[in-house]
Amino acid sequence: MATTRDYEPNVVLSNQDYNVVGTRPLRPDGADKVTGRALYGADFAAAGLLSGSVLRSPHAHARIKSIDTSKAEALDGVRAVVTSADFPQGGEGPVVWQRDNVLASDKALYRGHAIAAVAAASPHIAEEAVSLIDVDYEVLTPVTDVQSSMKGDAPILHDSLMTDELGEKADKASNVASHFQHVKGDVKAGFKEADVVIEREFTTKTVHQGYIEPQAATALWNNDGRLHIWCSTQGSFAARDACAKILDIPVSQIRVVPLEIGGGFGGKIDVYLEPVAALLSKKTGTPVKLVMSRADVLQGTGPTPGSYAKIKIGAKKDGTITAAHAYLAMEAGAYPGSPVGAGAMCVLAPYDLENALVDGYDVVVNKPKTAAYRAPGAPNAAFAGEQVIDEVAKAIGMDPIDFRMKNAAKEGTRQVHGPTFPRVGYEEVLEAMKSHPHYNAPLDGPNQGRGVAVGFWFNIGFDSACNIAVNADGTVTLQEGSTDIGGTRASIAMQAAEVLTLPYEKVHPTVVDTDTIGFTAVTGGSRTTFATGWAAYEAAQDVRTKMIDRAAQIWEVDADTVELEDAVFKSKSDPELSMTFAELAGQLGRSGGGITGTAAVSPSGVGGAFAGNIVDVEVDPETGKTEILRFTVVQDAGKAIHPSYVEGQMQGGAVQGIGWALNEEYYMSDSGTMDNVSLLDYRMPTSLDLPMIDTVIVEVANPGHPYGVRGVGEAPIIPPTPAIANAIENAIGTRLFALPMNPAAVAKAVMDK
Amino acid sequence: MPGKTYVQTNINGEHVDFLCEPRQSLLECLRDVIGLTGTKEGCNDGNCGACTVEMDGRIVTSCLVLGVEAEGKEITTIEGIADGSTLHPIQQSFLENAALQCGICTPGFIVASKSLLDQNPDPTEHEIRFWLANNLCRCTGYDKIIRAVQDAAVKMQEA
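For the protein sequence lines, the chains are B and F, in the order given. Start counting the first sequence at 1; every next residue gets the next number (the working numbering). Start counting the second sequence at 1; every next residue gets the next number (the working numbering).
Treat the hints loosely; a few may be bogus.
[Said to hold, decoys possible] Here are the computed lysine-lysine pairs in the DSSO-like style, where the Cα-Cα straight-line distance is at most 30 angstroms:
hint: 1; chain 1: B; residue 1: K151; chain 2: B; residue 2: K172
hint: 2; chain 1: B; residue 1: K572; chain 2: B; residue 2: K546
hint: 3; chain 1: F; residue 1: K4; chain 2: B; residue 2: K506
hint: 4; chain 1: B; residue 1: K71; chain 2: B; residue 2: K188
hint: 5; chain 1: B; residue 1: K748; chain 2: B; residue 2: K394
hint: 6; chain 1: F; residue 1: K4; chain 2: B; residue 2: K71
Rather than coming from a laboratory, the hints here were simulated on the basis of the structure.
With the hints as extra help, turn the sequences into a complete structure.
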């Protein structure tokens with residue numbers, strides 16, 4: 001059980017002080033969210049609203065021979081039934097896969113695959129109607145794990161899918177969608193130089209993002225032809241654009257209104273319900289709401305892949321890594337597109353390697369199409385890579401942090417897939433780990449162990465827009481297009497406040513719909529505080545310049561002579577000329593009109609993030625249960641705009657990693673169905689399973705952002721699974737090579753020792 | 001299909017009567033019939049705690065209570081926790097401690113935490129973790145939630 005410690009549990013190793021940036025104000029949407037007023041996806045209401053329900057395949061792999069909806073349509077209260085035949089047809093490749101994933105056409109490719117949908121007067125009538133739809137299936141043999149699916153005799157999911165083998169298309173159907181390679185140096189020669197070479201194989205099971213709010217969407221296909229969608233999404237523009245493709249209509253015909261979102265972690269980027277609700281609304285002429293059940297979420301929305309990895313690392317006795325080879329194969333689910341590409345970019349990223357090779361395989365299986373999940377692909381890869389690093393360090397007798405430091409990637413290091421690192425904070429993260437009281441505290445009991453591991457995530461930039469308008473009372477309103485999943489209204493408003501030298505409370509941010517703001521990419525890729533924050537910074541600079549020009553105009557002086565400091569405009573030449581931001585704001589109307597600032601950015605200066613964990617466990621050798629005794633997360637945030645929410649990302653990511661390490665998995669039956677489709681049986685960590693999660697925010701400013709922001713959301717989920725595996729090895733003297741490391745697996749490892 | 005049943009309850013201190021189908025849960029009645037959407041559905045089988053409300057002094061997951069079972073009961077939902085325009089100390093503490101990220105589990109946590117502190121004004125960390133173990137949060141890792149409840153307990157005792 002957690003105990004009180006004689007040190008500060010949450011530390012910020014700060015690089016620069018600002019007025020607003022780096023403080024911890026209350027979030028602007030807070031009052032709504034602690035009183036139940038905030039409206040989430042399923043809370044939306046409208047006059048004449050119908051409820052929908054979706055029929056899902058009971059089979060993991062089946063040909064759909066026919067669908068008879070007549071009995072459902074005849075049920076009292078039913079207003080419309082749709083199938084994939086109601087979508088515009090045609091196209092090939094990704095658009096067909098996306099459309100077929102939303103409603104299956106010729107084949108059901110996983111249990112839970114949507115087949116048809118009903119709109120009715122109540123959710124109960126819609127559910128009854130769904131049960132009256134007759135589908136004639138030809139049941140086929142499923143394949144649900146990556147290694148089986150890669151075999152030559154595996155059942156084929158798509159007759160038209162040919163392997164892209166290092167850029168060459170194969171000529172026969174396969175479940176391997178692609179094989180790619182990243183090469184640097186000469187791995188053969190490198191392994192020859194090594195004193196120690198260790199090669200291990202690893203597997204991980206499918207796990208789910210586990211957001212608490214099931215997907216929900218309401219659509220109204222209005223009588224003027226415009227489609228309005230109210231939904232819980234990580235990207236209102238991404239949802240708009242996906243619906244436009246699937247429905248084959250221009251993006252301008254659709255307005256997406258993002259409601260509050262109850263968690264996403266990557267899983268609410270893809271659309272599932274939105275195009276179906278749109279079809280139902282088009283048929284009925286009324287708004288239609290679709291809400292998933294928890295079983296629908298687990299069986300029908302993107303999990304993150306099960307995977308297989310083989311890692312080989314060689315090092316000299318002095319600790320220099322001479323070569324590394326990572327072979328990664330990941331399940332894409334029913335359609336191509338696993339996160340193996342991202343995993344391949346991250347698996348060896350923490351190391352400055354002369355010789356390295358990464359092989360990646362994207363493999364379809366009869367499971368839901370995978371969706372992004374927090375640093376997608378990287379945790380699977382790190383579970384493998386970071387354990388072999390630990391084993392090599394032990395074999396040559398080096399402290400695992402010292403071993404990482406000796407081989408640490410730094411500014412100028414060329415990554416295996418090509419790019420060279422700009423300034424990154426990896427060495428600073430390792431230093432903070434090494435000097436942390438946790439790393440230097442003794443363990444106090446038998447069957448206890450300590451492990452460390454690190455993780456890298458590259459983060460993304462992409463497009464963001466922001467509008468800021470000055471109010472006559474000296475406040476400003478700020479509009480942005482990034483849906484706020486974890487406090488980004490605050491972190492974006494804070495960057496605008498900093499530029500305008502206003503107190504945070506004077507900036508009122510709102511997340512607006514796709515008709516109201518310029519294109520803004522998804523809340524994902526750890527990009528929102530970085531890129532939308534940058535848009536806010538630029539929009540605020542626009543306001544600042546215009547306000548200075550206005551003051552100069554009123555004073556009849558040169559704009560160059562006017563400055564803004566602590567929310568007061570001053571003339572550098574005449575100390576008599578001074579006016580507060582609010583005073584000037586109040587005069588805008590009679591001095592030339594109101595002032596607004598806008599910005600649309602697509603920043604390229606993305607800063608990658610490194611995170612590290614120190615974890616202590618105690619293993620019960622009889623039951624195999626692993627208890628987390630102490631957990632410390634260290635991460636380079638670049639600059640923590642709102643440290644509390646950065647800590648929240650670090651703690652939340654760590655705990656998702658703990659669940660992945662110790663409990664979570666899809667239990668698949670022989671017939672390819674998921675057996676644990678509830679939150680009782682798909683067991684995510686509860687408060688009782690955990691200690692406090694201590695944090696150290698390291699700040700090594702990203703030179704590619706005005707305030708040094710790197711983005712923090714994803715990196716924290718990468719190190720936990722290997723750190724815990726390394727700690728278990730330290731506790732019981734034997735290593736586990738498969739996730740999850742649940743009590744049965746750990747007890748078996750103890751017995752087999 | 002059987003007809004609707006007339007149910008009389010007290011919700012958040014006021015008499016509320018409503019009509020519901022026998023198959024509708026209290027959660028559905030609160031959200032879809034009465035319009036109190038602050039209570040959330042996360043799983044509809046009692047495992048996530050997002051729909052936690054207080055009924056006759058005990059916390060229940062309202063998805064596992066039928067609407068007709070609310071007859072004659074006193075119910076407190078998230079909408080009844082604040083005192084008019086003044087937030088309850090637990091609500092304030094959740095804000096000050098950044099104890100929510102997406103916020104979907106927050107109503108359930110606040111209702112459950114209030115029930116804990118009403119019965120045990122000075123709980124240990126373990127007692128808080130045990131009490132809240134039926135409320136799932138996927139964003140925070142619980143750290144800041146536990147601290148918010150500890151902080152609220154101190155402030156409520158000082159008040």
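Here is how each hint holds up against the structure:
no.: 1; hint: K151(B) to K172(B); in the structure: 14 angstroms, holds
no.: 2; hint: K572(B) to K546(B); in the structure: 17 angstroms, holds
no.: 3; hint: K4(F) to K506(B); in the structure: 50 angstroms, violated
no.: 4; hint: K71(B) to K188(B); in the structure: 66 angstroms, violated
no.: 5; hint: K748(B) to K394(B); in the structure: 23 angstroms, holds
no.: 6; hint: K4(F) to K71(B); in the structure: 25 angstroms, holds
In the structure shown, a violation is registered for the earlier hints numbered 3, 4, in ascending order.
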